[in-house]
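Novice: Counting along the sequence shown from 1, when you hit position 37 you're at 23 in the working numbering, and nothing is skipped either side.
Since the hints were made in silico from the structure, they are not lab data.
Among these hints, one or two may not hold up.
As the list claims (entries may be wrong) - List of simulated lysine-lysine pairs, DSSO-like, C-alpha gap at most 27 angstroms:
| id | residue 1 | residue 2 |
| --- | --- | --- |
| 1 | 51 | 126 |
| 2 | 0 | -12 |
| 3 | 53 | 41 |
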Amino acid sequence: MKCTSAQAAKILRKLEDDIDSIVMNESQSRDFLASVGEDVESVRPAYSFSETQAKLDELEEKVRKVKHAINAFNSSTVVEGFGMTIDQLLVYLPQLSRRAAKLREMKNVLPKVREMSHSVRVVNFVDYRYANYDIAEAEKAYIQVTDTLARAQTALDTVNNTVTFDLDV
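Please construct the entire structure, taking both the sequences and the accompanying hints into account.
Specialist: Shown next, in the form of structure tokens:
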């Protein structure tokens, strides 16, 4: 079947939910308590070890296939305007985010700030902290990085929601 990366991610979430449900049901029915003198068969929950394991094997195989298809798609699909594959862009996005956070901090400083001493000492001079860079340049770099980040996120969203690949599940 043909699907987008966004659709494949939804299929993957559904498979993981199905696995979680089976595991939860199994944990509630694989053993049980019966009181002495109680008819054990009347309180035995429905559970088949072999059927449960077979269903888990089937779902886990589907998960592997979906994840492989997504990984293959991500490592071979180039994102327009960036000259990077999706998997490279997925590394680039957090790098841009970290850089944007640092530049946001750097653009918001004052050129000269009086340092307050936290120690109890008598000093006859005042310390000042000076920005050792051009704050306007940091602000310009911040704007460029955040614009690039927004464009990259939008480009990735576009690919994930429009470009299809074959998914065999």
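Novice: Tell me, in ascending order, the numbers of any earlier hints that this structure violates.
Specialist: Of the numbered hints, just 1 does not hold.
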